Amino acid sequence: MLAEKALELVREQHRCTDGALAPFNEDGIRQVLEEMRALFEQNQRDTTATVSGEVGLFSSIQLRHTALERNKRCVLAYLNNRLEHIKRMRWEFGSVLPADLRYNLCEQEVQWFNSYNRMLANYMRAIGDTGGVDLTQDMKPPKSLYVEVRCVADHGEFETQDGDLIVLKKNSQHFLLRSECEHLIRQGVLEHIVHRM
Amino acid sequence: MSQTTGHASDNYFSLDDILTTQEKLPCKVEMPIYRLGYLDQSSDDSTLQPGTKLEMPFWLARSLCSRRRHIVSVEMPRAYRESYRQIFKADPNVVDLHKLGPYFYGFGSYLLNFQHSEAADIGNSLVKTFQGRFRKIMDSSQNALNQDTSKLTEKLDESEKKIFVAGQLGLHDFQRWETRQTEKLMTSAMVQKHRKRKRAVLEETS
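Respectively, the protein sequence lines represent chains A and B.
In terms of my numbering, the numbers along the first sequence are unbroken and rise by one, the last being 197.
In terms of my numbering, the numbers along the second sequence are unbroken and rise by one, the last being 1206.
By construction, these hints were calculated from the structure, which means they are not laboratory data.
Here the structure is a predicted model, which is why all the values come from computation and not from measurement.
Think of the CB as a built atom: it goes at the ideal place given N, C-alpha and C, for glycine as much as any other residue.
Accuracy of the hints is not assured; some may be wrong.
[Said to hold, decoys possible] Here are a few chain B residues that sit away from chain A, every Cβ distance over 10 Å (derived from the structure): (1) Leu1145; (2) Gln1168; (3) Leu1185.
[Said to hold, decoys possible] Calculated lysine to any residue pairs in the SDA-like style (CA-CA distance at most 20 Å, straight line): (4) B:Lys1053 x B:Pro1077; (5) B:Lys1024 x A:Glu4; (6) A:Lys87 x A:Phe24; (7) B:Lys1151 x B:His1098; (8) B:Lys1196 x A:Glu191; (9) B:Lys1198 x A:Asp154; (10) B:Lys1193 x A:Leu105; (11) B:Lys1193 x A:Tyr103; (12) B:Lys1198 x A:Leu105; (13) B:Lys1193 x A:Glu12; (14) A:Lys87 x B:Ala1189; (15) A:Lys143 x B:Lys1198; (16) A:Lys170 x B:Lys1198; (17) B:Lys1099 x B:Asp1017; (18) A:Lys170 x B:Val1191; (19) B:Lys1193 x A:Trp91; (20) B:Lys1161 x B:Pro1102; (21) B:Lys1028 x A:Ile61; (22) B:Lys1196 x A:Gln187; (23) B:Lys1024 x B:Asn1113; (24) A:Lys140 x B:Gly1170; (25) B:Lys1099 x B:Arg1081; (26) A:Lys140 x A:Lys169.
[What the hints assert, rightly or not] Coverage of chain A stretches by chain B, computed from C-beta distances (three or more under 8 Å per stretch; other residues unrestricted): (27) 8–22; (28) 49–63; (29) 69–83; (30) 96–110; (31) 140–147.
Model the full structure from these sequences, guided by the hints.
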């Protein structure tokens, strides 16, 4: 059937909607484009034939045209949903992606990620008069200025705002400014300790 | 209503909508379609002859069968015919809508676009079926905490599953709020999943 390859792309993306991003399927895209080119050329041949007097070709032209549009829709949806996924990753992983995830992006997607990063940074810097607001901070309403955290992974040295140097070693506990360590918690380096009342 | 493509522009990129419009329905060719005989694998003819019966995905059938052009004629798929509608009417709760097409409601409402004589009955049946099932879905999604939900969702259509998930999310959020867990800062869901996967890979290679 027509547009099968394009559907495979869509299925692939649909499967990993809430998991990790799959590698960019360059081969699949190429195959879809090839099918589209073939359909387009056949259609052009049939339109010229119709212009020169042949009748009854309308139905096949219409059918191929529909298949062309379908292919286009599937490919665009594939690309668009990947971009949405990459955008979400910016908010969850932070501005630097883990190497194995970046490996799954194609070159244009890496470019897109970088320019999205830049735009977001510029925008956050431009809010207010006092040097901007970090929008990725305080995703939940903060309840205290300082939080107690425990390291779940070795992270190395970390310099706090007031100049102290602390070593984030596995299983060590610290009392840090919430604003400083929130992104480390989100990245899974630190664990927030809450005392039950 | 748009006559040509049959999809609203706001879900052009929706993967679910693409999969919904991929569902197949039986069609009969009404006009010869030249040079596309390969679509019917049972014949070697290079032309699709009038009278040929074949299954077409909805997106194709939609553009070939409308008020303006009548290249093929469509029939309603089995799951939407009178005999099945009787079953839905008898007890909507026992039917396995996942098996009847994971996008049962979505596909069903797309079918209403063809000016078919049964369209009104199908529409009514869809609404009634959903009404009959909704109570149970809502009830089970609000009361299944920390247990395996695959038994509860296996008979649900994709859109019903979304409702179920939304209900579960609400229940979990409320539970977390009650136990004062909402103030705890958590690792992002994506990071957590990524880490699990990485660990699995590490264990495999070592």
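- Contradicted hints - numbers only: Checked against the structure, the hints that fail are numbers 3, 15 and 26, while the rest are satisfied.
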